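Build the full structure now, drawing on both the sequences and the hints.
Number of protein chains: 2
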Amino acid sequence: MQKSVTLAMGNGGIENRELIEKIVFRHLKNSFLQNAEDGTVLGDVKNAVFTTDSFTITPLFFKGGDIGKLSVAGACNDLAMMGAKPLFLTLGFIIEEGFGLRDFERIVRSIKKELSINEAFIVAGDTKVVPKGSCDGIYINVSAIGERLREFTQKKIEPNDKILISGDIARHGASIFAGREGIELENEIESDCSSLWVVVKELIESGLNIKALRDATRGGVAAVLNEWAIDRELCFEIEEAKIPLRDEVRGICEILGFDPLILANEGTFVAVVGEEDDEKVLEILRKFNKNAQIIGEVTKEYPKRVLLKSEWGTRRFLDMPSGEILPRIC
Amino acid sequence: MQKSVTLAMGNGGIENRELIEKIVFRHLKNSFLQNAEDGTVLGDVKNAVFTTDSFTITPLFFKGGDIGKLSVAGACNDLAMMGAKPLFLTLGFIIEEGFGLRDFERIVRSIKKELSINEAFIVAGDTKVVPKGSCDGIYINVSAIGERLREFTQKKIEPNDKILISGDIARHGASIFAGREGIELENEIESDCSSLWVVVKELIESGLNIKALRDATRGGVAAVLNEWAIDRELCFEIEEAKIPLRDEVRGICEILGFDPLILANEGTFVAVVGEEDDEKVLEILRKFNKNAQIIGEVTKEYPKRVLLKSEWGTRRFLDMPSGEILPRIC
Numbered sequence: 001m002q003k004s005v006t007l008a009m010g011n012g013g014i015e016n017r018e019l020i021e022k023i024v025f026r027h028l029k030n031s032f033l034q035n036a037e038d039g040t041v042l043g044d045v046k047n048a049v050f051t052t053d054s055f056t057i058t059p060l061f062f063k064g065g066d067i068g069k070l071s072v073a074g075a076c077n078d079l080a081m082m083g084a085k086p087l088f089l090t091l092g093f094i095i096e097e098g099f100g101l102r103d104f105e106r107i108v109r110s111i112k113k114e115l116s117i118n119e120a121f122i123v124a125g126d127t128k129v130v131p132k133g134s135c136d137g138i139y140i141n142v143s144a145i146g147e148r149l150r151e152f153t154q155k156k157i158e159p160n161d162k163i164l165i166s167g168d169i170a171r172h173g174a175s176i177f178a179g180r181e182g183i184e185l186e187n188e189i190e191s192d193c194s195s196l197w198v199v200v201k202e203l204i205e206s207g208l209n210i211k212a213l214r215d216a217t218r219g220g221v222a223a224v225l226n227e228w229a230i231d232r233e234l235c236f237e238i239e240e241a242k243i244p245l246r247d248e249v250r251g252i253c254e255i256l257g258f259d260p261l262i263l264a265n266e267g268t269f270v271a272v273v274g275e276e277d278d279e280k281v282l283e284i285l286r287k288f289n290k291n292a293q294i295i296g297e298v299t300k301e302y303p304k305r306v307l308l309k310s311e312w313g314t315r316r317f318l319d320m321p322s323g324e325i326l327p328r329i330c
Numbered sequence: 001m002q003k004s005v006t007l008a009m010g011n012g013g014i015e016n017r018e019l020i021e022k023i024v025f026r027h028l029k030n031s032f033l034q035n036a037e038d039g040t041v042l043g044d045v046k047n048a049v050f051t052t053d054s055f056t057i058t059p060l061f062f063k064g065g066d067i068g069k070l071s072v073a074g075a076c077n078d079l080a081m082m083g084a085k086p087l088f089l090t091l092g093f094i095i096e097e098g099f100g101l102r103d104f105e106r107i108v109r110s111i112k113k114e115l116s117i118n119e120a121f122i123v124a125g126d127t128k129v130v131p132k133g134s135c136d137g138i139y140i141n142v143s144a145i146g147e148r149l150r151e152f153t154q155k156k157i158e159p160n161d162k163i164l165i166s167g168d169i170a171r172h173g174a175s176i177f178a179g180r181e182g183i184e185l186e187n188e189i190e191s192d193c194s195s196l197w198v199v200v201k202e203l204i205e206s207g208l209n210i211k212a213l214r215d216a217t218r219g220g221v222a223a224v225l226n227e228w229a230i231d232r233e234l235c236f237e238i239e240e241a242k243i244p245l246r247d248e249v250r251g252i253c254e255i256l257g258f259d260p261l262i263l264a265n266e267g268t269f270v271a272v273v274g275e276e277d278d279e280k281v282l283e284i285l286r287k288f289n290k291n292a293q294i295i296g297e298v299t300k301e302y303p304k305r306v307l308l309k310s311e312w313g314t315r316r317f318l319d320m321p322s323g324e325i326l327p328r329i330c
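Chains as they are written, first to last, in our numbering: chain H, 1 to 330; chain Y, 1 to 330.
Treat the hints with care, since some could be wrong.
One copy or two, it doesn't matter: identical chains are merged, so the pair holds either way.
Quick list of in silico lysine to aspartate or glutamate cross-link-like pairs, EDC-like style, CA-CA up to 16 Å [as the list claims (entries may be wrong)]:
{"#": "1", "residue 1": "K46", "residue 2": "E147"}
{"#": "2", "residue 1": "K132", "residue 2": "E324"}
{"#": "3", "residue 1": "K300", "residue 2": "E233"}
{"#": "4", "residue 1": "K300", "residue 2": "E190"}
{"#": "5", "residue 1": "K155", "residue 2": "E248"}
{"#": "6", "residue 1": "K132", "residue 2": "D231"}
{"#": "7", "residue 1": "K29", "residue 2": "D319"}
{"#": "8", "residue 1": "K309", "residue 2": "D319"}
In case anyone wonders, no lab produced these hints; they're calculated from the structure. Because the structure is a prediction, the values reported are computed rather than measured.
Laid out in structure tokens, this is it:
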């Protein structure tokens, strides 16, 4: 039996300090954390971008990641999608009494690893412990500040722009669903959970005409395209046959009746690019995921709608997702 | 019956958008929120201070406040204690399926009111919905960025400095405890939950020799003084008779055997001040709370310890709090 988190560890006193020092500081320490008092002094921050994300995923550990990796990658990806380099992160833990300390440490180690990929630091944190039955193990909030190096924004999207996807879709959603339901597959599906800063850094350095990026998390590709279509009052036309999908993901979607376009991704993004640069951007994306693809273009045909064209020439609207889809996916 | 939050409202799709637009944006909208994409562009931030706090308090509504007021006040107070003006806040909601929409709106209204006291803005947010039994109603994370106007820090504390308290102590802890246990008192105890920026602003403008401020939340005054004593390797000597305590709070502490020095406050802080300015600082504090008091001084007598002197001349160490104290106080 591993030792576990007690209510006393959330008391603001001795046990609280011990939990933080022995596990959190041990792995995540840096000069910011060391000098933190009620808050942490960052000094001047240029071109700041600010974001927040809470994670309540179940299961906490899944094929391809865990809640720790997901929290850091998820928050940093939000910054990267805006053209910002992740810099300073805060960690807010809500932990259930009885949660294993070894599991907690495993999560903190994942956080550390993902931070180093983003070259970012945890600069402040907070830990609350709630009684058994008031939380599913652990919830994590990550808030993050980045420095914007390049202005990627949906405001730049115009007709004739090309729509690209950075890799095959729906892997995170399909993986979590299969894991939760105990579905056994010949090839276990691994979540795409990963930090996108590495890719975005190259996109920024390329100087290509990239308009907007967005990671297709909750609500999937369908939610991203619909949000953009509504905001820009433009039509987003995509070709079904061009949407990259692994066989095992297609399989699980067909069996269960899920539309892969609404399933969550956690390391796959949609990019809108000036038509002159679509192939060059694709080339960069393929260095990181060979399944990256140009999937469509922006038009004025049906403003505020997403149009899905099949191989046989039929066309239908792809709606903004609604209903429960898959709760607790992130 | 009020309408309630559904799992679908956490899906990243239509219902999610509706919840945010109809309740959160309706009350909290500003140009930052309106232009937010994956993150929010803040531009250059000077002398930034960054903090995070998660709130899991029960009950959610209490005499003197609610989880919404507490979240904003708590995070902003962390900044104020560092000498920083609160500027930009993020909100991370974790809501239990079935939570009343009217209660949610009441919390959002409290957030709005407390923001205006701090002259601060919500610039980004995140909402997750978890199934019944996976959260006690609602948990809130607030992360906040402020601009540091004056360097209040424990690093400046020296022997002979005076220790002040901004008002009578232990009201938040006593109020929550009484409310939770259904204890009926002649004078119902009201939490001290409040935003300290108003007071701190005057302290900054005074130009007086103020070294450090710290709000005495979880672990109370005892935790603050012990942390400072350990960090500075100095002795913090306080006089028991000078510690302001309301009769009804003293009463509940005596009946239940609580030490008011370890009970949480949410709008009361400890200040360490150069000895030449103690009376002048006291005068400012008393404009906001007539119970403010000079309670002791910093010495070299017992490094890393807090010394409590009784009216009768006896002396004892006040230890760092340990054990469960009062879980879920913030």
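Comparing the hints with the structure gives:
no.: 1; hint: K46 x E147; in the structure: both (6 Å within a copy, 13 Å between copies)
no.: 2; hint: K132 x E324; in the structure: between (26 Å within a copy, 14 Å between copies)
no.: 3; hint: K300 x E233; in the structure: within (8 Å within a copy, 69 Å between copies)
no.: 4; hint: K300 x E190; in the structure: neither (37 Å within a copy, 59 Å between copies)
no.: 5; hint: K155 x E248; in the structure: neither (36 Å within a copy, 58 Å between copies)
no.: 6; hint: K132 x D231; in the structure: neither (43 Å within a copy, 34 Å between copies)
no.: 7; hint: K29 x D319; in the structure: neither (45 Å within a copy, 26 Å between copies)
no.: 8; hint: K309 x D319; in the structure: within (13 Å within a copy, 70 Å between copies)
Hints 4, 5, 6, 7, counting from the list given before, are not met by this structure.
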